[in-house]
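> Could you put the whole structure together from the sequences, leaning on the hints where they help?
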Amino acid sequence: MMRNLKPALISAVVVVALSGLLMGVRISQQGTGLALTGAGPDVAMKIAAAALFIFLFNLFRDQLTALWFKVPALPRTPAAFSILAGRPAVRRLFWCFLIAAALIWPFMSNRSNIDLATLVLIYVMLGLGLNIVVGLAGLLDLGYVGFYAVGAYTYALLAMYFGVGFWTGLAAAGAMAALFGFLLGFPVLRLRGDYLAIVTLGFGEIIRILLNNFTALTNGPNGIGSIPKPELFGLEFSRRASEGMQTFHEFFGIEFNSVHRVMFLYFLALLLVLLTLFVINRLLRMPVGRAWEALREDEVACRSLGINPTAVKLNAFTIGATFAGFAGCFFAARQGFISPESFTFIESAIILAIVVLGGMGSQLGVILAAIIMTLLPEVARQFDEYRMLLFGLLMVLMMIWRPQGLLPMKRPHMELGT
Amino acid sequence: MPDSFYYLLQQLLNGLTVGSTYALIAIGYTMVYGIIGMINFAHGEVYMIGSYIAFIVLAALALMGIESLPLLIIGALVVSMIVTSAYGYSIERVAYRPLRGGNRLIPLISAIGMSIFLQNLVRLAQGSRDIAMPNLVRGGLDIGPTTGFHATLSYMQIIIFVVTLISMTLLTLFITRSRMGRACRACAEDLKMTNLLGINTNGIIALTFVIGAALAAVAGVLLGMYYGVINPYIGFMAGLKAFTAAVLGGIGSIPGAVLGGLLLGVAEAMTSGYFSAEYKDVVAFSLLILILLFRPSGILGRPEVEKV
Numbered sequence: 001m002m003r004n005l006k007p008a009l010i011s012a013v014v015v016v017a018l019s020g021l022l023m024g025v026r027i028s029q030q031g032t033g034l035a036l037t038g039a040g041p042d043v044a045m046k047i048a049a050a051a052l053f054i055f056l057f058n059l060f061r062d063q064l065t066a067l068w069f070k071v072p073a074l075p076r077t078p079a080a081f082s083i084l085a086g087r088p089a090v091r092r093l094f095w096c097f098l099i100a101a102a103l104i105w106p107f108m109s110n111r112s113n114i115d116l117a118t119l120v121l122i123y124v125m126l127g128l129g130l131n132i133v134v135g136l137a138g139l140l141d142l143g144y145v146g147f148y149a150v151g152a153y154t155y156a157l158l159a160m161y162f163g164v165g166f167w168t169g170l171a172a173a174g175a176m177a178a179l180f181g182f183l184l185g186f187p188v189l190r191l192r193g194d195y196l197a198i199v200t201l202g203f204g205e206i207i208r209i210l211l212n213n214f215t216a217l218t219n220g221p222n223g224i225g226s227i228p229k230p231e232l233f234g235l236e237f238s239r240r241a242s243e244g245m246q247t248f249h250e251f252f253g254i255e256f257n258s259v260h261r262v263m264f265l266y267f268l269a270l271l272l273v274l275l276t277l278f279v280i281n282r283l284l285r286m287p288v289g290r291a292w293e294a295l296r297e298d299e300v301a302c303r304s305l306g307i308n309p310t311a312v313k314l315n316a317f318t319i320g321a322t323f324a325g326f327a328g329c330f331f332a333a334r335q336g337f338i339s340p341e342s343f344t345f346i347e348s349a350i351i352l353a354i355v356v357l358g359g360m361g362s363q364l365g366v367i368l369a370a371i372i373m374t375l376l377p378e379v380a381r382q383f384d385e386y387r388m389l390l391f392g393l394l395m396v397l398m399m400i401w402r403p404q405g406l407l408p409m410k411r412p413h414m415e416l417g418t
Numbered sequence: 001m002p003d004s005f006y007y008l009l010q011q012l013l014n015g016l017t018v019g020s021t022y023a024l025i026a027i028g029y030t031m032v033y034g035i036i037g038m039i040n041f042a043h044g045e046v047y048m049i050g051s052y053i054a055f056i057v058l059a060a061l062a063l064m065g066i067e068s069l070p071l072l073i074i075g076a077l078v079v080s081m082i083v084t085s086a087y088g089y090s091i092e093r094v095a096y097r098p099l100r101g102g103n104r105l106i107p108l109i110s111a112i113g114m115s116i117f118l119q120n121l122v123r124l125a126q127g128s129r130d131i132a133m134p135n136l137v138r139g140g141l142d143i144g145p146t147t148g149f150h151a152t153l154s155y156m157q158i159i160i161f162v163v164t165l166i167s168m169t170l171l172t173l174f175i176t177r178s179r180m181g182r183a184c185r186a187c188a189e190d191l192k193m194t195n196l197l198g199i200n201t202n203g204i205i206a207l208t209f210v211i212g213a214a215l216a217a218v219a220g221v222l223l224g225m226y227y228g229v230i231n232p233y234i235g236f237m238a239g240l241k242a243f244t245a246a247v248l249g250g251i252g253s254i255p256g257a258v259l260g261g262l263l264l265g266v267a268e269a270m271t272s273g274y275f276s277a278e279y280k281d282v283v284a285f286s287l288l289i290l291i292l293l294f295r296p297s298g299i300l301g302r303p304e305v306e307k308v
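Protein sequence lines, in the order shown, are assigned to chains A and B.
Taken in order, the first sequence gives residues 1 to 418; the numbers are from the UniProt record's numbering.
Taken in order, the second sequence gives residues 1 to 308; the numbers are from the UniProt record's numbering.
Honestly, the hints are just simulated from the structure, not real lab data.
Just so it is clear, CB atoms sit at the ideal spot from N, CA and C, and this is done for glycine as well.
Any given hint could turn out to be false.
Quick list of the computed label-pair ranges, beta carbon to beta carbon [as the list claims (entries may be wrong)]:
(1) A:A39 - B:T172: 38 to 46 Å
(2) A:L271 - B:Y274: 48 to 56 Å
(3) B:T172 - A:M45: 39 to 47 Å
(4) A:F60 - B:L71: 39 to 47 Å
(5) B:D190 - A:T168: 54 to 62 Å
(6) B:L293 - A:R282: 31 to 39 Å
Next comes the structure, spelled out in structure tokens:
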């Protein structure tokens, strides 16, 4: 205990140094000058409490570690259960249930919840797309939102200038984002992991700055409004049909209800997510997908086996970008309005957090994490101020305690019998 | 001399001023990278915190009735260096040390989390609005004809050059002459071997974070006074720029970071002087991408270059 006294004292002093000035004093503008206001005694008490806590924690850390080892471990899931859960038939059944639940759910819910679920699905799509790049191919992409923006703006601009419909726009947005992914990936994918992270971050920022400043084309920071909503085989979801169109409620002879459109958007998002899942799962079983994972595990081994790392990375990057483009197009159609504000770095960080929280490479994990990350701020409205603070903290703690994520991906592996 | 010459000179001076502060921040990236081979993503936020502490100290000293300029600047520098050192140390302890040795992406992600955390901590504690400070240092030296267009080297710019020069000299002396500096160089050479030879490598790694943070604080104080406006979001861009500068000069090399910082500053000033100020950030990133394309090791980044 005495051995720990010095480090404990030091850490307490560090805590005071960290928070004393920054939390204890608040600087504010007063006319042209500056004014200082000391925070109340409650803040001072909090700082003192934090320092005391850190001091005691470090002082007794040996005892605490000993205590920690005495705590019985959580009961493991019985082996029979994991074998059962691992069976392909059971897994398929589970996915069927999940999809069925997602299909039935909107009929038993209200408008705002369906809207929220659509948002969740957009994030699921983005998470699954980024999962290819980060989780499967092991390339840290911090500018993913750039491709999302490219997709959204492609559809918005095509609709504004050429009156293109949603479905054409969707294809165009995907293709455009893929093109951007390819063009960006080409030069930067030779770089090592952390360089890649920063360059992609820079790329995301460049796209946002360009969108902000090309006022003639993109309307700058004011954004683009009245983006047409998607339609179902030429049927519109509005009260009155525009020229030469028919509305959904007229065609089916039911009464107009604005919830139809919300539900349609939900099903559309669900369809896109299922499509994404399907495509990714097929790709994973193809040589391409195997190469992604192999590359993540060991680049040198891949190279010696005749896999071209640049080509493999490039197609991971391009395919990931394509899904971001789809998501962006859907986002633009759902919002009806987009501006560069929606595509800041923090959005990239949130998508990355979804992938990391879910467990890099795990698709079920990504879905779960997308639900958590989108619903948490809705549930914890009163903590809205602290949302980003907690979000940052969560990312750090998650990396320290459970870097493999909530539902870590099961790697295909084989046990050698002895 | 024609007007255009003085215009060019003015852009050059502005660029070198900003560039020298980029260099100070870039040294933090390059030193950490030199030893543990990781990017300290939260470094930009340390710079931002340095600026905030400087503003608080300057306001406090002014309220106490201290008018003397050297005293104000030294007070701001000292306090903000101490506080940011504590931040540098804590970032290393919390976001890097427990994660060393694993997958390279993991510390990077935790550092991104740390960066978001610090940015929002300052936002909650100090508010998210811009805080502007009146100019403490006014006036400057005119270069060129007294009538008509001429370039101005403001006293603030001179202060920035002098303080940067002093900090870099001190750093160089520390690295090349002191025992701890030698240990730093040894760690950059071979971390495991240095550890085997009985040097506390954990301490040295923490020390590089602290030195980097202190230099970022110097940049924070100087740039805060130069621009006169701060908000909790300035760290993000500054961090990116400084990282670009570090890569430009060759990451891992201290002289490279300085050179990269100056080059980037000048490139930015030229863009805003001759093209448009809105695109100066785009120039920084385009420069980064081009450098990584054609010379990934940077200008001075050769394998045999001295790393710290």
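> Now tell me, hint by hint, if it's right for this structure.
Verification of the hints:
Here the CB-CB span from A39 of chain A to T172 of chain B is close to 40 Å, well matched to the stated 38 to 46 Å. For the pair L271 of chain A and Y274 of chain B, the supplied restraint of 48 to 56 Å holds, since their beta-carbon distance comes to about 51 Å. Judged by the Cβ atoms, the range 39 to 47 Å given for T172 of chain B and M45 of chain A holds: they are separated by roughly 44 Å. The hint said 39 to 47 Å for the Cβ distance between F60 of chain A and L71 of chain B, and at roughly 43 Å that hint holds.
At roughly 59 Å, the beta carbons of D190 of chain B and T168 of chain A sit within the given window of 54 to 62 Å. At roughly 34 Å, the beta carbons of L293 of chain B and R282 of chain A sit within the given window of 31 to 39 Å.
Hint compliance for this structure: no hint is broken.
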